[in-house]
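Number of protein chains: 2
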Amino acid sequence: MKLKLPQVTVSRLALYLRVLEKLSRQGQELIRSEELAERCGVSAAQLRKDLSLVGAFGVRGVGYQVRALEKEIKRILGRDRIWHLALGGLNELGRALLAEERLARRGFRFVAAFDWREEWIGQVIQEVFVYSLEQLPYLVKESDLEIGVITLAGKEAELMAEKMYQAGIKALLNLGPDPLELKAEGLLIHNADFTVAFDLLAFELTHH
Amino acid sequence: MKLKLPQVTVSRLALYLRVLEKLSRQGQELIRSEELAERCGVSAAQLRKDLSLVGAFGVRGVGYQVRALEKEIKRILGRDRIWHLALGGLNELGRALLAEERLARRGFRFVAAFDWREEWIGQVIQEVFVYSLEQLPYLVKESDLEIGVITLAGKEAELMAEKMYQAGIKALLNLGPDPLELKAEGLLIHNADFTVAFDLLAFELTHH
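Chains as they are written, first to last, in the numbering used here: chain X, 1 to 208; chain F, 1 to 208.
Just so you know, these hints were derived from the structure itself, not from any lab.
Hints may be right or wrong, so weigh each one.
As the list claims (entries may be wrong) - Subject to a maximum C-alpha distance of 25 Å in a straight line, what follows is the list of computed BS3-like cross-link-like pairs (lysine-lysine): (1) X:K183 to F:K2; (2) F:K155 to X:K22; (3) X:K4 to F:K49; (4) F:K163 to F:K2; (5) F:K163 to X:K22; (6) F:K74 to F:K49; (7) F:K22 to X:K163; (8) F:K4 to X:K49; (9) X:K155 to F:K22; (10) X:K22 to F:K183.
Claimed, not checked - For the chain F half of the interface with chain X, some residues (derived, Cβ under 7 Å), not all of them: (11) L77; (12) A104; (13) Q135; (14) P177; (15) L180; (16) L187; (17) L188; (18) H207.
Glycine included, C-beta positions come from ideal geometry on N, C-alpha and C.
With the rest of the complex left out, here is chain X (with noise of 0.2 Å):
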């Protein structure tokens, strides 16, 4: 199934899914819109028009019913399923996401890890066995690894992902320093540099 939502859209929904997931785990079965908005930090007439987009409508002085509306979200995002990562780049960063239970419980799950240094190589860290890149074609075939995820920085962040897509993997997400300049056919990339969360804060502490 095609679907094509702006970005900001979508991120709304997987911030949905994360309350919804919540209440469903303390076994609330019914939520209204207004609640379920105000838990998210959107408006209600937001929640209700993303909602919509993707075919979910609430009953009017009911709500929403918890589990279902949970389980389409899942299914829009492609959260229905176990995506299978490969780690590249064993540094703090790194590390971090091998141990972030937030991705495990949600589906990604980090398969293999990969780094050219001799210190890393061999080890086992949160349970994820460190492989050198000469093992990366094999592994992406034998494991089905679908997602790079770098941590790297400059030309080490080029050279893994350029690795990586010539293994066959079809997704890479760059949490490193720099946009990746590879392009290449077929495969996605999303550059995704988490510390823009600190620029937006003193933007607003700076202009409120």
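Add chain F to chain X, keeping to what the hints say.
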């Protein structure tokens, strides 16, 4: 100076700034809007529109002056100064943040870290001292702590947020898994779950 810009625009300005900083380090003096746009992964029209919003106009056939544009975006984003950060939570993510050269280099300086856990208190991690929470009010004043960065989950996150607010911190960046429920007069809260980047990629892989 008050300036209102949509969050997506501020995010793009932060991205342009990252690329400009890199060009500036490499000694490049001029850049055409088409090239800058391509390096940032946006259209040239989008880039020109964003830059005109902040009063920066390129010269036809010449482009933008790298250093002048870098300086202007820095000023607008509030990145032309040092921000004093307090870390709340010494988990894997917290330690990765203390090690983030990107933050230090961009003026986001962790000055103190806080945790409840006895094993952390008194340690020095990446040159940052870990204090107990009782010392928070004193340190906010003494070290002019402005931004609290929270990496904890659930009730621990809420309690840390409350303590930071009571101690006089004016803004919280919550990088933990749960949106903060705390509402407090004059307190700016940003919930920025970086794992949303994984959802965005999963969505694209599912629908492309």
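Comparing the hints with the structure gives:
1. X:K183 to F:K2: violated, 39 Å
2. F:K155 to X:K22: Measuring from Cα to Cα gives roughly 13 Å; hence the hint holds.
3. X:K4 to F:K49: Satisfied, since the Cα-Cα distance of roughly 24 Å is no more than 25 Å.
4. F:K163 to F:K2: Roughly 29 Å separates the two Cα atoms, so the pair is violated.
5. F:K163 to X:K22: Distance ~24 Å between K163 of chain F and K22 of chain X Cα, so the pair holds.
6. F:K74 to F:K49: holds, 18 Å
7. F:K22 to X:K163: Since the Cα atoms of K22 of chain F and K163 of chain X sit roughly 24 Å apart, the hinted pair holds (cutoff 25 Å).
8. F:K4 to X:K49: Roughly 24 Å separates the two Cα atoms, so the pair holds.
9. X:K155 to F:K22: Roughly 13 Å between the alpha carbons, so the hint for K155 of chain X and K22 of chain F holds.
10. X:K22 to F:K183: Status holds; Cα separation ~19 Å.
11. L77: OK, holds: L77 of chain F within 7 Å of chain X, min 5 Å.
12. A104: violated, 11 Å
13. Q135: This hint is violated: Q135 of chain F lies away from chain X, its Cβ roughly 24 Å from the closest one there, beyond 7 Å.
14. P177: P177 of chain F check passes; min Cβ-Cβ to chain X is 5 Å, inside 7 Å.
15. L180: Not OK, violated: L180 of chain F not within 7 Å of chain X, min 9 Å.
16. L187: violated, 11 Å
17. L188: holds, 6 Å
18. H207: holds, 5 Å
Of the numbered hints listed earlier, those contradicted by the structure are 1, 4, 12, 13, 15, 16.
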